[in-house]
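Protein chains in written order, with my numbering: chain F, 1 to 313; chain P, 314 to 423.
Everything labelled a hint here was simulated from the structure, so no lab data went into it.
Glycine is no exception: its CB is placed at the ideal position from the N, C-alpha and C atoms.
One or more of the hints may lead you astray.
Pulled a few chain F residues facing chain P out of the computed Cβ check, cut under 7 Å [to be verified]:
1) T25
2) Y30
3) V38
4) A64
5) L67
6) V68
7) G76
8) A80
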Amino acid sequence: MTSTVQRGGARSMGASLLDQVLAETLDPAYAQAAARKVAAAKSSAVPTESDPAAATARTDRRRARVLVVLVMVIAGLLAAITYDQAAAGAQGRAQVREALLGDIHRETATAEGLTGQLDRLRRQVNRTRDQALRTTAVGQRALDQLAAAEQGAAAVPVTGPGLLVTLANAKPNADSDPVGGAAETDPNGLVRDGDLQLVVNALWAAGAEAVGINGQRLGPTSAIRFAGEAVLVDFNPVTNPYEVSAIGDPDTLRDNFLASPEVGALAVISESYGLRFEFAKEKDLALPAASPPELRSAAVVPGVPATDQEPGG
Amino acid sequence: MIPILGLAVGIILGLVFDPTVPLWLQPYLPIAVVAALDAVFGGFRARLDGIFDAKVFVISFVSNVVIAGLIVFLGDQLGVGAQLSTAVVVVLGIRIFGNAAAIRRHVFRA
Numbered sequence: 001m002t003s004t005v006q007r008g009g010a011r012s013m014g015a016s017l018l019d020q021v022l023a024e025t026l027d028p029a030y031a032q033a034a035a036r037k038v039a040a041a042k043s044s045a046v047p048t049e050s051d052p053a054a055a056t057a058r059t060d061r062r063r064a065r066v067l068v069v070l071v072m073v074i075a076g077l078l079a080a081i082t083y084d085q086a087a088a089g090a091q092g093r094a095q096v097r098e099a100l101l102g103d104i105h106r107e108t109a110t111a112e113g114l115t116g117q118l119d120r121l122r123r124q125v126n127r128t129r130d131q132a133l134r135t136t137a138v139g140q141r142a143l144d145q146l147a148a149a150e151q152g153a154a155a156v157p158v159t160g161p162g163l164l165v166t167l168a169n170a171k172p173n174a175d176s177d178p179v180g181g182a183a184e185t186d187p188n189g190l191v192r193d194g195d196l197q198l199v200v201n202a203l204w205a206a207g208a209e210a211v212g213i214n215g216q217r218l219g220p221t222s223a224i225r226f227a228g229e230a231v232l233v234d235f236n237p238v239t240n241p242y243e244v245s246a247i248g249d250p251d252t253l254r255d256n257f258l259a260s261p262e263v264g265a266l267a268v269i270s271e272s273y274g275l276r277f278e279f280a281k282e283k284d285l286a287l288p289a290a291s292p293p294e295l296r297s298a299a300v301v302p303g304v305p306a307t308d309q310e311p312g313g
Numbered sequence: 314m315i316p317i318l319g320l321a322v323g324i325i326l327g328l329v330f331d332p333t334v335p336l337w338l339q340p341y342l343p344i345a346v347v348a349a350l351d352a353v354f355g356g357f358r359a360r361l362d363g364i365f366d367a368k369v370f371v372i373s374f375v376s377n378v379v380i381a382g383l384i385v386f387l388g389d390q391l392g393v394g395a396q397l398s399t400a401v402v403v404v405l406g407i408r409i410f411g412n413a414a415a416i417r418r419h420v421f422r423a
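Bound-form chain P, shown alone (with noise of 0.2 Å):
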């Protein structure tokens, strides 16, 4: 429940200070959010499957935003940033409903 409390603190923030974020950073902004969303699902589902570890969630969700990022970075540096962004938001968009599944399954018993 808290971890929920905070996921809205923070988007809450967000929205009310409107940081600005420098400008080379902007582009991997929407990938970071795609990344960082499949690490909190991830999350989530394994709270429900009662393996949840918090170094594990921490580092996963770290690692997955860096990841994402330098994937898109080494792209847009190769000319083939638009694509790699395709296949990064490709697998973890089936991540996501793989595990929005799985938590459906967990909360609706179907």
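Isolated chain F (complex conformation) (with noise of 0.2 Å):
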């Protein structure tokens, strides 16, 4: 490759600048300055050894040396500084998420901790509640609406026959990139929170007296969301696979949930777009209560006296 510099006047402006950028990786400084060295040797006369001349152009050329010797030891010091840098860089940020990721644990102990804490204190209101009114009539009334509500509240465990209903993302195609690290997957592959709320719909249209989604019990309030990637059940996430359970007699919940027009649609869909969408009669299916709603409202019970409602008594 030579480093002659091309200045064609016919040629556009960009193609030029490629020109020169492909033919002059030498600096032509290069080119002007051992030009210029040859010319000043042809008009000066031949240097003798004793001629001061001579003396001063060897001092330069001295001085050029450790100069170029200089720079080379800060080309050398960048690199390995720069080397230092990004090196340093990755292991800050090694560093960095293994923090993050103790964190991440610390807290969620820390919150089932608190959780588990929270259903203990539960139990033992329930409890204390239940004895206080099981020692009157109306208390015992009380008492039996309060555990019809629950039931329907989901408020107490169930278990009992049932129907299960999986849903599952699709698998991964297997001619997508492998390259890259981040496994780009189709959006279109994944399940929705729209596809679980319609399957559970269905499945409470089909008759079922409790439903659950990876063994988190839906209430009368539930919601299913999606946030970003991931669905949520009562703003605690599910995760791939999805298992709704419903629990009530298998043979009506199937019938009547094969039945329903949306879940024909959803079938279709997740044919479609490889979703995993399978259901099985179980003999045996568990649900925890759901977790209670907060308690907004509360009004004095007719017909009991006023002196039990002294905070703390």
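Mind assembling these two chains? They're in different frames, but the hints should get you there.
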């Protein structure tokens, strides 16, 4: 490759620019300096050793050599520092990641502990309440009503036969690009909140007495929502595969479920996008209690003396 | 030979002493290294071509590093820092490749 400069007049500016970049890989200043040196050597007489001009030229050359070495040292320093920075950056990122993971685990453990404490306290409150109510006839009636309401509000765990519907994301395509780390998944192959809502609603309509997703009981106010790529049930994330268990008479459940037009539509959709959509009759399904809704309003039970209402009593 | 030793000494010094670089300078380091590489390869090739000139080498090195940094700085200020970095790396990369090919032809005669 030569360092000749092509200055074609007819060429467009972009093409000549590219030509220049491709052809002129060596700084033309080197050629110019060499030409200057040749011209200077021609014009001046042959220098002798005793010539003072030759002596200054020699010291100049020595200084130039030192400068070159210095510049090379700087280049090496630059490269090493940059390498260090990059390595330290990667290490720092790993450390930060680990610290964040630790934080997540710790906070999750704390949250679990608090949930357990809440459950314990709630049970204690319920037990105390039951004891207090059982002493009077009015209280006993209220307790019976409460038990029925709790059944409806999914506040008590249930077991029984039922239907287990499984929805799962499509398997990643075999011919999808495996290079690049993060596998790009087709968003059409993911189960969406709407699909789960549809299945759950169809199960309720089919006569399910209790419904849960991945062991999370659905109460009357439970929401199935989508946040980013995760499906949230009552703000708790549930992950693929989604197992919707419905407790009720398996045969009627299955017949009504299959007769529902929405389920037929979902079956077609999952067929075309490769989603897994199955159901099975189960003899024994167990669902825990749903997280009870917050108490927002309370009223005095008529007929109960108001003396019981003292706080802390 | 001595310049190559200088390069090695610089690398070792940098790795051993691990100097800290001010934070505002850090984004420009990689691009400065690419620019420095370009100047070093150019100098090496000129040496093999027999037209090496110390003054040209030093000036090209310093100006390469400073201008590459300045372009990226300007790009950062204008919001096109990443694109301008790419442009600098592409141009310098082409030059490094060209010079490396010339060096290869000199060394291996192929």
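Status of each hint after checking the structure:
1. T25: holds, 3 Å
2. Y30: holds, 4 Å
3. V38: violated, 10 Å
4. A64: Holds. Min distance 3 Å.
5. L67: holds, 5 Å
6. V68: holds, 5 Å
7. G76: holds, 2 Å
8. A80: OK, holds: A80 (chain F) within 7 Å of chain P, min 3 Å.
In the structure shown, a violation is registered for the earlier hint numbered 3 alone.
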